[in-house]
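Peer 1: Spelled out, the chains give:
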Amino acid sequence: MSYQSHADVGGQEGHGRVMSEQDEPFDAAWEPQAMALMLATASTGSWNVDMARSVLETLSDYRELSYYQKWMKGLEKLAIDRGLLTAEEILAGRMLVPPTPVSSMLRASDVFAVVAAGASTLRDVSVPARFAVGEAVYTKAVPAGHHTRLPRYAEGKLGRIEHVHGAHVFPDTNSQGLGEQPQWLYTVSFSGRELWGEGHAQDLRVSIDAWESYLEGVEGDR
Amino acid sequence: MTDDHHDHEHGEHSELDDMELRIRALRTVLSQKGYIDPAALDVLIETYETKIGPRNGAHVVARSWLDPAYRKWLLTDATAAIASLGFVGLQGEHMIALENTVECHHMVVCTLCSCYPWPVLGLPPVWYKSAPYRARVVKDPRSVLTEFGVTLPPTTEIRVWDSTAEVRYLVVPMRPARTETLNEEQLAVLVTRDSMIGTGIPRSPDVAS
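As you go down the protein sequences, you meet chains A and B in turn.
The first sequence begins at 1 in the working numbering and counts up by one.
The second sequence begins at 1001 in the working numbering and counts up by one.
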């Protein structure tokens, strides 16, 4: 089954106006609960952020769901897939089968410390960075076929390295349970013309943050 | 058309009731099985509704307007400069500050999901997470700015930062005119959330007072 992200919307036409009157983080009273449930359950260590993003972006009704409806549906799917609970338990609204052991539970007294500590994705690697600031690079032209953070609009484009951020956890493998496999991370910027064609967005530059394996040197094969 | 707003117009009541019931059920089962502490949910909500929000970022920006040494630090090591004011943690582990000038206007987006610098701006507004903003700002940012009531000189380059990794971006807007006599608190009032995303500009002191 081919992997399809419904979330990769950069550059798509037909989305209409930005609803700037939707100005608050939450649209409905249940949404803060959804936010907190997702963060607290993720703290059990049953999945990582890349796995969660992968599940959310592949929900078959992604386009029909509001933001926190995606979170709830994704949370249910992750929790069921990991054996934390069953669909029957959600329907019944109570525990029907004994719990699966998890590595940790977020206690109220620890919330402040956990939020403040964050979850850095920076890692030490023994290999040096392949690219340097100012260098020209091409992004890969072939879709990954799994969760990735290279947007389609930036596939196969000529860009320039603007920042070297150190080595970071690689979402493509981490989302598939294949480990963190950290890689050097770069900010790569593109002209509007390179991304969108002649006559488009002449006064525009757009950047993405790209892991090293998303990139190829300009001298190499494209 | 994937306009989130549109979806809410049909069957809103039954949809909300359904979501509330599902959340109650999940919360109960997850608590009974010992995976979550229900009290932690309340603390998380309180944290992101009252403690962590765009006032934090406004404080960073106001300080950078007043203190050239701080500004230099912010623009070269944003993570450390922001942490020095006490703003750290989830979704702000790796920060970059972007200086708006007459020549270059920065805007921030996450086209793939909703990445946003929580410690300085709180949780993102609904429009930031919506398909129209994510789809359009990387291709036609000026039309997006028009919808936010912002018109830039045609000579200003627009620089859009798509947050595709765990690096988070804070726009440092230009300091408004006629603010020479204002102190840090007064300046911070002028710094809107949208001006730190790049979809707005700071308030004028004449309007704010």
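No wet-lab data here; the hints were simulated from the structure.
Each hint should be verified, as a subset may be incorrect.
As the list claims (entries may be wrong) - Counterexamples of contact, computed for chain A against chain B with all Cβ distances above 10 Å: (1) Gln-12; (2) Ala-36; (3) Pro-128; (4) Ala-129; (5) Pro-143; (6) Gly-177; (7) Glu-194; (8) Ser-213; (9) Glu-219.
Claimed, not checked - Listed next, the in silico BS3-like pairs over lysine-lysine satisfying Cα-Cα at most 30 Å (straight line): (10) B:Lys-1072 x A:Lys-73; (11) A:Lys-157 x A:Lys-140; (12) B:Lys-1033 x A:Lys-157; (13) B:Lys-1033 x A:Lys-77; (14) B:Lys-1072 x B:Lys-1051.
As the list claims (entries may be wrong) - Pair ranges (Cβ atoms, derived): (15) B:Arg-1024 x A:Asp-23: 23 to 33 Å; (16) A:Glu-155 x B:Pro-1153: 30 to 40 Å; (17) A:Leu-91 x B:Pro-1153: 35 to 45 Å; (18) A:Tyr-3 x B:Pro-1153: 39 to 49 Å; (19) A:Arg-82 x B:Thr-1181: 55 to 65 Å; (20) B:Glu-1184 x A:Val-97: 50 to 60 Å; (21) A:Gln-176 x B:Leu-1021: 25 to 35 Å; (22) B:Ala-1177 x A:Ala-117: 17 to 27 Å; (23) B:Pro-1068 x A:Arg-123: 27 to 37 Å.
A virtual CB, placed ideally from N, CA and C, is assigned to each residue, including glycine.
Peer 1: Does each hint hold? Answer for all of them.
Peer 2: We went through each hint and held it up to the structure:
1. Gln-12: Not fine: 4 Å to the nearest Cβ puts A:Gln-12 too close to chain B.
2. Ala-36: 4 Å, violated
3. Pro-128: Holds, because the least Cβ-Cβ distance between A:Pro-128 and chain B comes to about 19 Å, which exceeds 10 Å.
4. Ala-129: 15 Å, holds
5. Pro-143: 14 Å, holds
6. Gly-177: 19 Å, holds
7. Glu-194: 12 Å, holds
8. Ser-213: 13 Å, holds
9. Glu-219: 25 Å, holds
10. B:Lys-1072 x A:Lys-73: Violated. B:Lys-1072 to A:Lys-73 sits at ~44 Å, over the 30 Å cutoff.
11. A:Lys-157 x A:Lys-140: Distance ~8 Å between A:Lys-157 and A:Lys-140 Cα, so the pair holds.
12. B:Lys-1033 x A:Lys-157: Not satisfied, since the Cα-Cα distance of roughly 49 Å exceeds 30 Å.
13. B:Lys-1033 x A:Lys-77: Distance of about 17 Å is within 30 Å: holds.
14. B:Lys-1072 x B:Lys-1051: Cα-Cα ~27 Å, so holds.
15. B:Arg-1024 x A:Asp-23: 23 to 33 Å: Holds, at about 28 Å.
16. A:Glu-155 x B:Pro-1153: 30 to 40 Å: 32 Å, holds
17. A:Leu-91 x B:Pro-1153: 35 to 45 Å: 58 Å, violated
18. A:Tyr-3 x B:Pro-1153: 39 to 49 Å: With Cβ atoms ~43 Å apart, the hint holds.
19. A:Arg-82 x B:Thr-1181: 55 to 65 Å: 58 Å, holds
20. B:Glu-1184 x A:Val-97: 50 to 60 Å: 56 Å, holds
21. A:Gln-176 x B:Leu-1021: 25 to 35 Å: For B:Leu-1021 against A:Gln-176, whose Cβ atoms are near 33 Å apart, the range 25 to 35 Å holds.
22. B:Ala-1177 x A:Ala-117: 17 to 27 Å: 41 Å, violated
23. B:Pro-1068 x A:Arg-123: 27 to 37 Å: 34 Å, holds
Checked against the numbered hints given earlier, this structure breaks hints 1, 2, 10, 12, 17, 22; the rest are met.
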